[in-house]
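Student: Chains as they are written, first to last, in my numbering: chain V, 1 to 303; chain C, 1 to 139.
Simulated from the structure, these hints should not be mistaken for lab results.
Straight line, CA to CA, 30 Å or less: simulated DSBU-like cross-link-like pairs of lysine-lysine:
(1) Lys226/V with Lys133/C
(2) Lys69/C with Lys226/V
(3) Lys120/C with Lys4/C
Nothing here was measured: the structure is a model prediction, and the numbers come from that model.
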Amino acid sequence: MKLLFEFIIFPGFIFTAILGMLVSWIDRKVTARIQWRQGPPLLQPYYDLEKLLIKETIIPENANALIFLISPLIAIISTTIVSLIIWKTIFNPQSLFIGDLIVVIYLLALTPIAVILGASASGNPIASLAASREMKLFMSYELPFIFSILVPVIKAHSIKLGEIIIYQQSTGMIFNSISGILASAIFLITIHAKLGLVPFDIAEAETELAGGVFIEYSGTPLALHKLNRIMLLFVVPVFAVILFLGGMHPFYTGILKYLVVVVLIILIKNTNPRLRIDQAIKFFWRRCTMLSILAIILAIKGF
Amino acid sequence: MNIKTLTRSLWAFHVCCSPCNNCDIEILDTLTPRYDLERFGIQLVGSIRHADILLVSGVVNKKNVSRLKRIYEQAPKPILVVAIGNCACSEILFRNSYNACGPVDKIIPVDAYVPGCPPKPEAMIMGIVKLIKTLHDKK
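Next comes chain C alone, as it looks inside the complex (with noise of 0.2 Å):
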């Protein structure tokens, strides 16, 4: 019941990692009039105090770490965590970087990946689809 009600309206929050800014522009893409993802109650909101579904974007590093772990304790729970692009889900060619944190999903829990340079709004819609699916799953 918990999972439905919140994957029927998702508001994403979109928190930038240092990434290139690939991945960003193609959240953008996403949710321009041409997909349409208000179609199923995704909306994007600029407080994270209304997030149900943040979208991080690129390589965390020592000057954002300490901010995305915040940014997540801000968030009013339950709150889903997507890594968008190659970077944020495995930080491909800055993995042994002097400045790099690791990965995502070794500092705060992770519920889906979209890999891809950056990956197409296509493949973003396919992962969320897919986590919503897991999580009805699970229940």
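Chain V extracted, bound-state conformation (with noise of 0.2 Å):
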């Protein structure tokens, strides 16, 4: 019953989904800054997913039905379970499980490979060559991700999450020295390939795939989907911030630790154009995974 609790409502479903929706309208309200307006009122995410909830899901006469619907409950449920593992471990770092950290990348690597599943399943060309992109581009930004993950690791001598965050709160946190600055730049690249946002946004490209991914999904699917995003928007930086940042422990540094990082991906986003995918993929392979591999050696060095 308490776990029932947990995982649907407290550090779980509703709590990961309302702040999430506040976290994306704080990307949209700062890009809006970016441009030189207004930007769209507080509830406006809200408002976007109780739209697509009244509207008609249609299910694409070639599709897998099966896959196509419930690949969105897959990349939620394992978004949720990453919320509720994160969330745990900052109220209490010794509460879990050795290994959590293997477990949170694992579900965090579920995410791309529901949206690939569902993009297949659905039917349509170009849903396909979208999914191809996501898939070349989840097989490059995967390996740099956790090398860049394993560094906190090395340091802390540890794969539980809560005996980093205790590390990092007696001797300091991973950022101040050299492997970490350099895994956590790392870490915050490819960030943005998991989330889709805009230098790696490749598979889900409005402009030429129209929508990529997401093209065939309407209504209630899409909009499980959305959240699933903002979710995620919402939960990865966390995550940043407790491998690299010293965790949330005194919650006004740790809310401005978030911000910081929540900021500077809104950013880079805004800054950037999309690359395209030979790009990327020559980006990760080459420039991402030799510097995690420094990064790794120097951790290992001791520096």
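Got two chains here, each in a separate frame; can you build the complex from them with the hints?
Tutor: Here it is, written out as structure tokens:
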């Protein structure tokens, strides 16, 4: 019963969804202010989702209906569990099992897989093109993503999120070292690909692929996919704060750190053009992987 | 309730039925930061499956009449249709042309007309505002 409450209400689904909508509003408002305009009202993300819920849901004729409809559910459940693990660790660093970091990495990888599944099941040629792009992008950014997470693991000698937080509370945050700066920069870049934000929104590319992976989605499944993106936009920066910036512990500084990460993400998103898929793969496999290996070596040497 | 939910976040989809591109340029102007339609939740989407409002511009001819019908059928209901420009409203000087198939409202139901050649961005915004107002009154 307690577990169900935690999953559905407090650090789980509803909490993440509401704060995610708030972060999504911050994203849209900051974007608007950068472009010298007013921006949407506070409740706009909620209005969008509410509207999508009353729209008709269309399942294409040559789609695999089961996978098409179940993929947003897979994505949203995995994101909810990530949020649950991360927030439980923040409230009580000792509470969870050893290896929860690995679980979080796997669950974060489940969202792109669900998106690929849904897009390929929709039976649309453009969606399958977008799914192939998403797959390539996923394979290219996952390696530097995991390598950059290895730096805090090496420094704290633990694969438990709580131990990483405790280590940073006793000896200062990981961002204070050279390897930490390198790793967190790479983490910030790979976050963009993970969230499907602008320099790497190749799979969603509205101008060329007309919505890309989500092209055949309408109504409630689209609302779930959008909600999943919104929740990820809230959860992944918290994950970054835990790994590199010492956790959310004194709550005011925690929120400040979180806002800095989010605004950095939004600024990068607004000042960069979209890359081609081959450029993105080259960028991740050459520069990012090299730099993350360098960061790992530096971390082992103790810098 | 339904209409209010719908009109608070209208996602626009742009249907070109062989216009001379003036209306299209003005539609793009309307969506620029200068007019800031995101204040009202209006944004441009790439896929017809996400659309709430179709902006149809141009003269519907024999080549694209079937496509316009198909696009309207593909859209998830409830959907609003706005005819942008004189051609879409009444196909002015192309009326008796050999390949014209009649104005947009002969082919699909139209909720609002924005005349002009091309209509100014302000005119389009006013058209949308009037459309929302009539929908609220009807309810």
